[in-house]
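Asker: Protein chains in written order, with our numbering: chain A, 1 to 143; chain B, 1 to 331.
Warning: the hint list may mix true and false statements.
If we take Cβ atoms under 7 Å as the criterion, some of the chain B residues that face chain A in the derived model are [stated by the list, open to error]: (1) Ser88; (2) Thr294; (3) Thr305; (4) His306.
Keep in mind that the hints were calculated from the coordinates and are not lab data. Ideal placement from N, C-alpha and C gives every residue a C-beta, glycine not left out.
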Amino acid sequence: MKHVLPLALFLSFPAIMTAQMGMYQHGSVIRMHMGDCTLAHGGFMVAFGGPSMAVNQESCPEYTLMSPNVVYVIVGKSSNQLIPLSEIVDFRLHKNELAVRVDDAKHESRFVIKEMMVRSEWERMQRHIDEQLKAAELRETEH
Amino acid sequence: MITISIRMQKTLRTLWRYCWLSALTSVLLKAAYPQDKLDGHSYSSQATPAYTYRSGVSEVRLLFFAADKQNRVVDGLKRTDFAVLDNSWVVRDFRSLTRSGSVHLDVILLVDCSASVLPRFDREFRNAMNLVSQPGWRPEDNLSVLVFGGREVNLVCDGNCGNWFTSEHMAALPSGGATPLFDAVIAATDVLAQRRQFGRLPVIVVFSDGNDTISVASLHDAWKKIVASEELVYAVDVSGDSENSNGNSALRKMADDSGGRYLSLSEDPAELLKGIIGDLQSGLVVSYSVPETTAGFHSLRILPTHNLNLQFRSRRGYFYQAARPRQETLP
Numbered sequence: 001m002k003h004v005l006p007l008a009l010f011l012s013f014p015a016i017m018t019a020q021m022g023m024y025q026h027g028s029v030i031r032m033h034m035g036d037c038t039l040a041h042g043g044f045m046v047a048f049g050g051p052s053m054a055v056n057q058e059s060c061p062e063y064t065l066m067s068p069n070v071v072y073v074i075v076g077k078s079s080n081q082l083i084p085l086s087e088i089v090d091f092r093l094h095k096n097e098l099a100v101r102v103d104d105a106k107h108e109s110r111f112v113i114k115e116m117m118v119r120s121e122w123e124r125m126q127r128h129i130d131e132q133l134k135a136a137e138l139r140e141t142e143h
Numbered sequence: 001m002i003t004i005s006i007r008m009q010k011t012l013r014t015l016w017r018y019c020w021l022s023a024l025t026s027v028l029l030k031a032a033y034p035q036d037k038l039d040g041h042s043y044s045s046q047a048t049p050a051y052t053y054r055s056g057v058s059e060v061r062l063l064f065f066a067a068d069k070q071n072r073v074v075d076g077l078k079r080t081d082f083a084v085l086d087n088s089w090v091v092r093d094f095r096s097l098t099r100s101g102s103v104h105l106d107v108i109l110l111v112d113c114s115a116s117v118l119p120r121f122d123r124e125f126r127n128a129m130n131l132v133s134q135p136g137w138r139p140e141d142n143l144s145v146l147v148f149g150g151r152e153v154n155l156v157c158d159g160n161c162g163n164w165f166t167s168e169h170m171a172a173l174p175s176g177g178a179t180p181l182f183d184a185v186i187a188a189t190d191v192l193a194q195r196r197q198f199g200r201l202p203v204i205v206v207f208s209d210g211n212d213t214i215s216v217a218s219l220h221d222a223w224k225k226i227v228a229s230e231e232l233v234y235a236v237d238v239s240g241d242s243e244n245s246n247g248n249s250a251l252r253k254m255a256d257d258s259g260g261r262y263l264s265l266s267e268d269p270a271e272l273l274k275g276i277i278g279d280l281q282s283g284l285v286v287s288y289s290v291p292e293t294t295a296g297f298h299s300l301r302i303l304p305t306h307n308l309n310l311q312f313r314s315r316r317g318y319f320y321q322a323a324r325p326r327q328e329t330l331p
């Protein structure tokens, strides 16, 4: 009897893994910079809590992750929470956070979700920003 | 008779085709260029047309160095192993990836002769001598020497200076006075910029304690010039201070942000100097299109795509200039 449980766990391991793999969505990191850690450390209250809150000098990695339908802006919880910038990233939503599967380390890295936007809306916004930048550039070069 | 009539028919058909085509061409030309427009654009001195050309750089060429966690050079790096962060945009689509080993070097050795390094000047001079006597240099590499001290910045040897470091030259050098380090760095970037050639890598090797005392230019001016001119700076700190000081942080800033290295002579000098030559030959050059055409400073960083143990070193940014309009008139 005492051998049954480990055996059952061992046999069900591939099935669990497959199920977990199936949960993953795919996306691509298109932007990355070191930004403010406030949101990652204290959430909404620290971010908008006013000047009485402690100021954190640390910078945390901020990624823009583009999936087929949604664009996420996610923030790491510490300065060294880096994810490899491969073409395709596996991720899943887990308890208001976004868990990214890091291939080489064979583990998940959890990020705070800062922003979420429908991809078509994000692309429309980017086009608008590009047009504005180009117009400003043109004005600058002509004067 | 039948043969003649067939030939006549063929000739007539060909003539008809030519007439029809020439009529069509003239109609199309008239539609595209009406007479008034053609008159306005006649090549007379009365109305010289002005054409506006826009030119801008859309390709970035970036020299970088890849190492593992133990700081050993990584061989066989592939395009898919890294991504460039250009103004925070991830670039994975590269136009080319080549080794810098085939690139010829244009090197300026900047030697500090000021009073602050006088006690260690002999050692500094010998280290510069050791560097030029390293076997890694090639005959095509350009090597110049610029010395600074007091208020003076002098290019004492220009071009092939492999044999310049002799005791006679050392004795003849002016020594003492203040340290115009930042002015000297700017002077070196100007010399390198004047003889800039495609396929030649401009490098500055500074031997100094980093304590500037008299320059007209600031550290920021020198930094800006280095970043804009895309030169690689190796800073050899001759002060021997292991603790952080203004001097070594200035040297570190210039070296690190250019993609070069800060080296301290408190470590084994022979190994350090060998390291500079090895470094210059192990570099990789990647080129890609600018992902964002915002004019001004573009920050740069290289990160791994798979193996997080890989470490990359490159310049920290470049200045992007937007397409500039240029009006030209026909002669």
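Asker: Would you mind marking each hint as holding or not holding in the structure?
Answerer: Structure-based check of each hint:
Hint on Ser88/B holds. Least Cβ distance to chain A is approximately 4 Å, under the 7 Å limit. Annotation: Thr294/B was flagged as interfacial toward chain A, and the flag holds, the nearest CB pair being 6 Å apart, inside 7 Å. Using the Cβ-Cβ criterion of 7 Å, the hint placing Thr305/B at the interface with chain A is satisfied: the shortest such distance is roughly 4 Å. Against a cut-off of 7 Å between C-beta atoms, the interface hint on His306/B holds, since the closest Cβ of chain A lies about 5 Å away.
The structure fails none of the hints (numbered hints given earlier).
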